[in-house]
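*Asks:* Residue numbers (the numbering used here), protein chains in the order written: chain A, 1 to 61; chain B, 101 to 161; chain C, 201 to 261; chain D, 301 to 361; chain E, 401 to 461; chain F, 501 to 561.
The hints are all genuine.
Cβ-to-Cβ under 8 angstroms is the rule here; a few derived chain A residues that face chain D:
#, residue
1, V46
2, H50
3, W51
4, G52
5, L53
6, G54
7, G55
8, K56
9, L57
Some chain A residues flagged as far from chain B (calculated, every beta-carbon gap over 12 angstroms):
#, residue
10, K33
11, E47
12, K48
13, D49
14, A58
15, A59
16, D60
17, L61
Below, computed lysine to any residue pairings styled on SDA-like, alpha-carbon distance capped at 25 angstroms:
#, chain 1, residue 1, chain 2, residue 2
18, F, K533, A, G54
19, F, K556, C, E222
20, C, K210, F, L561
21, E, K448, F, A538
22, A, K56, F, A532
23, B, K148, A, E22
24, F, K510, C, V246
25, A, K33, E, G455
26, B, K148, D, D349
27, A, K56, A, V46
28, D, K348, E, A432
29, B, K148, F, G554
30, F, K548, C, M201
31, B, K110, C, H205
32, F, K510, A, M1
33, B, K148, F, A532
34, F, K510, F, K556
35, C, K248, D, K333
36, A, K33, C, T244
37, D, K310, A, W9
38, E, K410, D, E336
Please keep in mind that the hints were generated in silico from the structure rather than gathered at the bench.
Virtual Cβ for every residue (Gly too), placed ideally from N, Cα, C.
There are 6 protein chains.
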Amino acid sequence: MPVVHVNWWKGAGEAERRQLVEEVTGTVSRLAKCPEAAVTVIVTDVEKDHWGLGGKLAADL
Amino acid sequence: MPVVHVNWWKGAGEAERRQLVEEVTGTVSRLAKCPEAAVTVIVTDVEKDHWGLGGKLAADL
Amino acid sequence: MPVVHVNWWKGAGEAERRQLVEEVTGTVSRLAKCPEAAVTVIVTDVEKDHWGLGGKLAADL
Amino acid sequence: MPVVHVNWWKGAGEAERRQLVEEVTGTVSRLAKCPEAAVTVIVTDVEKDHWGLGGKLAADL
Amino acid sequence: MPVVHVNWWKGAGEAERRQLVEEVTGTVSRLAKCPEAAVTVIVTDVEKDHWGLGGKLAADL
Amino acid sequence: MPVVHVNWWKGAGEAERRQLVEEVTGTVSRLAKCPEAAVTVIVTDVEKDHWGLGGKLAADL
Numbered sequence: 001m002p003v004v005h006v007n008w009w010k011g012a013g014e015a016e017r018r019q020l021v022e023e024v025t026g027t028v029s030r031l032a033k034c035p036e037a038a039v040t041v042i043v044t045d046v047e048k049d050h051w052g053l054g055g056k057l058a059a060d061l
Numbered sequence: 101m102p103v104v105h106v107n108w109w110k111g112a113g114e115a116e117r118r119q120l121v122e123e124v125t126g127t128v129s130r131l132a133k134c135p136e137a138a139v140t141v142i143v144t145d146v147e148k149d150h151w152g153l154g155g156k157l158a159a160d161l
Numbered sequence: 201m202p203v204v205h206v207n208w209w210k211g212a213g214e215a216e217r218r219q220l221v222e223e224v225t226g227t228v229s230r231l232a233k234c235p236e237a238a239v240t241v242i243v244t245d246v247e248k249d250h251w252g253l254g255g256k257l258a259a260d261l
Numbered sequence: 301m302p303v304v305h306v307n308w309w310k311g312a313g314e315a316e317r318r319q320l321v322e323e324v325t326g327t328v329s330r331l332a333k334c335p336e337a338a339v340t341v342i343v344t345d346v347e348k349d350h351w352g353l354g355g356k357l358a359a360d361l
Numbered sequence: 401m402p403v404v405h406v407n408w409w410k411g412a413g414e415a416e417r418r419q420l421v422e423e424v425t426g427t428v429s430r431l432a433k434c435p436e437a438a439v440t441v442i443v444t445d446v447e448k449d450h451w452g453l454g455g456k457l458a459a460d461l
Numbered sequence: 501m502p503v504v505h506v507n508w509w510k511g512a513g514e515a516e517r518r519q520l521v522e523e524v525t526g527t528v529s530r531l532a533k534c535p536e537a538a539v540t541v542i543v544t545d546v547e548k549d550h551w552g553l554g555g556k557l558a559a560d561l
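Let's have the full structure, built from the sequences with the hints guiding it.
*Replies:* This is the structure in structure tokens:
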């Protein structure tokens, strides 16, 4: 049942997302004591010009 | 005032989103006892290679 | 697989949430062409003093 | 530490996002009494045909 | 139409939320070129023992 | 910079959240190639009577 939203900068590829989903699901299912099949992970790649950090666009850092 | 975020797999078209918004708005406004005009629905189409289910990318299932 | 987040003002009770989940799930599963069992709905009751509308706290309206 | 998600209609450009991030970060850091460096702002541009308002797609309004 | 979610640590009071809503709404409406009445801000106070930073619970920092 | 939101059923305690934050941060920082200090994890415990699964409240399952 757990639902995980990961927001990160665009740049990671499919291999990284696959590994992310595998590891996060393992962690969450073990700690939530639920089957892995019940875990959803949604990954959002955000462009650096849509991400603000410290008052600036990350694209400007 | 209600705000609804729908995350689903890419694939549904504009007709489905139009119907989704109409029906969800009707349900929510009736149950929240607020005007339909006050309901916002944001639909996010997620690629299957950005969606994890049961520890795997949905694109790999 | 669809994941729906509903944010609304505190006030609706369990009966309304039960109905909300039933109707939204029916709508989403039909339009996404997925089984009802695959639909998750997370309902968040927000206090009016944590909700801003038109530049004011809803609690002040 | 604060995390701000802004969802709005596609249309604003990079200059508007830069200004948004600067002003929102200033407001939040001052009110949360935390350094500006600790504030994250994530901006999501939503197409009008993915945004429902009053039961209709914004694209149809 | 813009919808803003602010997540921050529990601690700020109603006066800070009122100011937050006023200022963020002003910024967003000006940059999105929409009326202030169209802006929604949802504020979520998060306990430090539900917030992770740098791999630790903020409550442990 | 990554921001992770975990929504799960109320029930896990502080020890589980501490472990969740540690492991998820390790995974995300390694795959995003960013320092652990840059990772934020926000954990939301959701009551079963606010969580819909398969058209029913989880509290009714």
